[in-house]
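Peer 1: Protein sequences appear in the order of chains B and X. Here the first sequence is numbered in the working numbering, starting from -4 and rising by one per residue. Here the second sequence is numbered in the working numbering, starting from -4 and rising by one per residue.
Treat the hints as calculated values from the structure; they're not laboratory data. Just to be clear, a hint being listed does not mean it is correct.
Said to hold, decoys possible - Which residues of chain X face chain B? A few of them, derived with a C-beta cut under 7 Å, are: (1) Met(-4); (2) Asp77; (3) Gln93; (4) Leu100; (5) Arg103; (6) Ala107; (7) His121; (8) Ser123; (9) Pro125; (10) Thr131; (11) Lys132.
Backbone N, C-alpha and C fix where the C-beta goes; we use that ideal spot for every residue, glycine too.
Number of protein chains: 2
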Amino acid sequence: MSPESAPFQQVLSAYRSAVRAKDVEAFLAIYADDVQVFDMWGAWSLRGIETWRSMATEWFASLGDEYVVVEADEVEATVAGDLAVGHAFLRYTGYSAQGQRLRSLDNRITVAMRRTEGAWKIFHEHTSAPIDHATTKAVLQRDGG
Amino acid sequence: MSPESAPFQQVLSAYRSAVRAKDVEAFLAIYADDVQVFDMWGAWSLRGIETWRSMATEWFASLGDEYVVVEADEVEATVAGDLAVGHAFLRYTGYSAQGQRLRSLDNRITVAMRRTEGAWKIFHEHTSAPIDHATTKAVLQRDGG
Chain B
-4 MSPESAPFQQ VLSAYRSAVR AKDVEAFLAI YADDVQVFDM WGAWSLRGIE TWRSMATEWF
56 ASLGDEYVVV EADEVEATVA GDLAVGHAFL RYTGYSAQGQ RLRSLDNRIT VAMRRTEGAW
116 KIFHEHTSAP IDHATTKAVL QRDGG
Chain X
-4 MSPESAPFQQ VLSAYRSAVR AKDVEAFLAI YADDVQVFDM WGAWSLRGIE TWRSMATEWF
56 ASLGDEYVVV EADEVEATVA GDLAVGHAFL RYTGYSAQGQ RLRSLDNRIT VAMRRTEGAW
116 KIFHEHTSAP IDHATTKAVL QRDGG
């Protein structure tokens, strides 16, 4: 068991590319068939690659001709054999087709990955934003920006 | 690497006992010194056992003579060598000193644990509730109950 961010960096890189390209198949390729997600939005839990496919399909379709750039900060991971755990802060910035910055929001991501036939795939993902005690609203920017 | 919930069940059991007893030292005993937490409330990230000690001390003190019972549901975990990852739904129910049920809320928890000298300790914890898209408010009950 050792600190080793390479598997997570590799998965994050594929995640960024797939989101930027709004490519559902490339996006799903980094997830295991039995993936179970505690997603930031809506449901308490999503289970299985087909449920996750619906989420990705709807997300990318909702963007129209806009696109999203994902940046990762404070990326850390630990690996033991074929199991890895990683966490990071992600910033999602939306741009118009003309490249104008429209909006951005941050989240926190924790993933559990397993290596199967040489490829690391996420089998559990947990994304969230912290909740303000007084309002019970999510804090969607990490530094007010 | 295998599905194996025992280390996580053991840690959850210690967590429940420590919270029920409002015992800060027993609570901290299940966390590693370098623990990094994406907590549901307030801050984006908490780092280090002393920061976590402050959280636990304030939490337990805020309860006065009330107490909290934690129940876990859908507990799953995976172990590889000295690394384990687990996730579950937790329900926190507050009771008066006389045993009257006062309130409850749910969260989702993901933990990464390492085994050191035979003891499993949490070095990363992520708790959250899903966020309603329309209101950006946290959903604090899993089944409306």
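Peer 1: Each hint: holds or not?
Peer 2: For each hint, the structure was consulted:
1. Met(-4): 5 Å, holds
2. Asp77: 5 Å, holds
3. Gln93: 26 Å, violated
4. Leu100: 10 Å, violated
5. Arg103: Because about 4 Å separates X:Arg103 from the closest Cβ in chain B, which is inside the 7 Å limit, the hint holds.
6. Ala107: 4 Å, holds
7. His121: Hint on X:His121: holds, closest Cβ of chain B at ~4 Å, below 7 Å.
8. Ser123: Status holds, d = 3 Å.
9. Pro125: Cβ of X:Pro125 sits 6 Å from chain B, so the hint holds.
10. Thr131: This hint holds: X:Thr131 lies near chain B, its Cβ roughly 5 Å from the closest one there, short of 7 Å.
11. Lys132: Status holds, d = 5 Å.
Of the numbered hints stated above, those contradicted by the structure are hints 3, 4, listed in ascending order.
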